[in-house]
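Enquirer: What follows is each chain in one-letter form.
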Amino acid sequence: MSRRRIPVIPAVIAGIAFIGLWYGVREVISPSRVFMLPPPHAVLQAFAVHADELLLASRNTAIGALLGFALAVLVSGSMALLLSVSNLIRSALYPYLMMMQMMPVIVIAPVLVLWVGAGLPSVTIITFLICFFPLVVNTTQGLISTDRKLVELFHLYRATKWQEIVRLRVPAALPYFFTGLRIAGTLAPIGAIVGDFSAGSSGGHGGGLGFLTLIYGAQFKMAALFATVLSGCMLGFVFVATVSGLSWLSLHQWHDAYDKSDH
Amino acid sequence: MTETAAPACSVDLSRVTKRFGSGPAVLDELDFAARAGDFVAIIGPSGCGKSTLLRLLAGLSPLTAGTLHIDGQPPGVDSPELAYVFQEPTLLAWLKVAANVELPLSLRGVPAAQRRSIVARCLRQVRLEERAEAFPRQLSGGQQMRVSLARALVLQPRLLLLDEPFGALDEMTRNHLNEELLDLREQQGWTAFFVTHSVAEAVFLANRVIVMSAHPGRIAHEVKIDLPYPRVRATREDPAFQRLVAAVTHHLHSVEGDAR
Ligand SMILES: Nc1ncnc2c1ncn2[C@@H]1O[C@H](COP(=O)(O)OP(=O)(O)OP(=O)(O)O)[C@@H](O)[C@H]1O
Ligand SMILES: [Mg+2]
Chain Z
0 MSRRRIPVIP
10 AVIAGIAFIG
20 LWYGVREVIS
30 PSRVFMLPPP
40 HAVLQAFAVH
50 ADELLLASRN
60 TAIGALLGFA
70 LAVLVSGSMA
80 LLLSVSNLIR
90 SALYPYLMMM
100 QMMPVIVIAP
110 VLVLWVGAGL
120 PSVTIITFLI
130 CFFPLVVNTT
140 QGLISTDRKL
150 VELFHLYRAT
160 KWQEIVRLRV
170 PAALPYFFTG
180 LRIAGTLAPI
190 GAIVGDFSAG
200 SSGGHGGGLG
210 FLTLIYGAQF
220 KMAALFATVL
230 SGCMLGFVFV
240 ATVSGLSWLS
250 LHQWHDAYDK
260 SDH
Chain F
0 MTETAAPACS
10 VDLSRVTKRF
20 GSGPAVLDEL
30 DFAARAGDFV
40 AIIGPSGCGK
50 STLLRLLAGL
60 SPLTAGTLHI
70 DGQPPGVDSP
80 ELAYVFQEPT
90 LLAWLKVAAN
100 VELPLSLRGV
110 PAAQRRSIVA
120 RCLRQVRLEE
130 RAEAFPRQLS
140 GGQQMRVSLA
150 RALVLQPRLL
160 LLDEPFGALD
170 EMTRNHLNEE
180 LLDLREQQGW
190 TAFFVTHSVA
200 EAVFLANRVI
210 VMSAHPGRIA
220 HEVKIDLPYP
230 RVRATREDPA
240 FQRLVAAVTH
250 HLHSVEGDAR
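Here the protein sequences line up with chains Z and F, keeping their order. Residue numbers for the first sequence follow numbering that gives the first Met the number 0, so the first one is 0 and each next one is one higher. Residue numbers for the second sequence follow numbering that gives the first Met the number 0, so the first one is 0 and each next one is one higher.
Only chain Z is shown next, with the shape it has when bound in the complex (with noise of 0.2 angstroms):
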C-alpha cells in the first residue's frame, strides 16, 4: 500500500515568499506604526524568552481542547445512535441542537463562570459545545444512510436489532464520523483557546493561550503575541493531523477515499 507522497518542495518556497513579504511589509509601513507588525526573528526570539509562559498555556490550551473534544466524541456518539433509531426522537431534538450550534460562546461564557467556575471547566465545556454539533450531524447522518439492501440482507439473516446497528450501522458510519471528527479536531483548539479567553482562569497557573493573549496584548508585547498565535496554530496542526492519522488507520484498508493503488 503506498501513500501518496506530499511534495515539499512548493510548500517551502511558498513558506519562504511569504516570510520575505513579511519583512517587505514592514519597509512600507509607517514608522510609528512598525511596531504592531514584529519581524519574525523577533517572534522567534519572543518564543525562547516567553517559552516557559507559552508551553504551560499551550499544555493548558491543550487539556481543555483534548477533554472538551472527548466528551464531545462521546456524547455525539450516544446522542447520534439515539436519533438514528426514531425518526420522531430526530425531529423532536433536531431543532434544539440546531439552537446550540447558533449558541455564542461570547454570550454563554460568563454564564458558565458563574455555573462551573473560570478555568479548565468552562474551557472544556466550550470546546464541548463547538466540537459537538459537527460530530453529532455527521455521525448521525451515517448512521441513517447505510445502503437499503445491506440493512434488508441482516433483516433476511434474521439479524437482532442489536446486530443491525453494531455490525452493520456503526462500520458503515465510520467514514461519516471520521468527516465530523476533522471539523470537530480543526475546532477543538480554536474553541478551547475562544474559551479561555472569555472563561479562562486569571489564578495559578490555570490560564490558557487564550488568557495569555489578553495578557501580551494588554503589555503592547507584538511579538510575544504572535509568538502566541503560531502556538495555537500549531497546536491546532498536531490535532488536526492525530485525527487524520487515526482516520487513516481505520479507514485505509477498504474505503475508497483512500485507495491509492492505482495512482
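Here are the simulated lysine-lysine pairs, DSSO-like style, with alpha carbons at most 30 angstroms apart:
1) Lys148/Z - Lys160/Z
2) Lys95/F - Lys148/Z
3) Lys95/F - Lys160/Z
Quick look at which bits of chain F chain Z covers, simulated, 3 or more residues with Cβ under 8 angstroms:
4) 84-90
5) 101-110
Hints were generated in silico from the structure; no laboratory data involved. C-beta: ideal position from N, C-alpha, C; glycine also.
Since the structure of chain Z is provided, determine the placement of chain F with the ligands on it from the hints.
Expert: Below, chain F with the ligands alone, put in the same frame as chain Z:
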C-alpha cells in the same frame, strides 16, 4: 455439516397481487407452483415486477392480496432457510472476503470452529479460497459476485432467490458463473428463482422459464426446458438449446410488443 442437509422446498403462489399504496397493481393475481428442486428463471420487460416478486417470496415486502406458501407455510421467521442474491454484490466493505462469507453464520451464533470449516468449503466451491484475506474492493466484479454467492450458500438455503446476479458481468464471466451455479445445485439441491434479462442464461440454467408481461405484471407464458442436467458448456451449442432460446425470445417479443 454435510452437503445433503435439508431438502429443497416447494413454493405456492395463489392469486398473488401487489400494489404500492393506492397505485396500480404491480403484480396481478399470479398463480404459480414451484416443486421442490425446480430452477425457475423469470424473464420479462423492465418494470414488470420481477424484483417485486422475489421480495414477496423473501418476505421483505407484504402481499396486497392472495396467498403465498413456502413448504405449505406463509413466509415468516420459521420459514425454511432462504438466501437472496442481489444484482450488486452487497458486501460489507470493511470485512475481508472470509468474514463476509462468515457473516450469516456469526449472526446466528454458529460456533467459531464450525464457521471456519463451512466458510472454507463455500469459498472453495466458488473457487476463491486464495482471496479469503482480501477486502472486497481488491476483487473484480465477477469475484465479488462469487463472494456474494458463497455468502448466500453458507446457511444451506433451501430456497435461493437471485435477482439478476450476473447482470453486470461480461458474457464470458457470466457463462462461467452459470456453470458454477449449476455445479453447486448438483451438490446442494435447492429450489431457485432466478431473474434475468438474458434468454440464453434463463434457458441454460432453468427447468422452467416464466415470461412475464408488464402493466400489470402477469405470467404470460411458461416454457419447460427439458434439457437434461448436468448442463455443461457444450449444452449451449446443442440445437435443442438453441430452439428453446428462440422459443423464449419469441414469447418475450410478444409480451414486449404488448407493453408498447
Ligand atoms: N417501493 C416501491 N414503491 C412504489 N413502486 C414500486 C416500488 N418498488 C417497485 N415499484 C414499481 O413496481 C414496478 C415493478 O418494479 P420491479 O422493480 O419489480 O421491476 P422489475 O421487473 O424488477 O424491473 P427491472 O427489470 O428493471 O429490474 C415498477 O413499475 C416500479 O415502479
Ligand atoms: Mg428488478
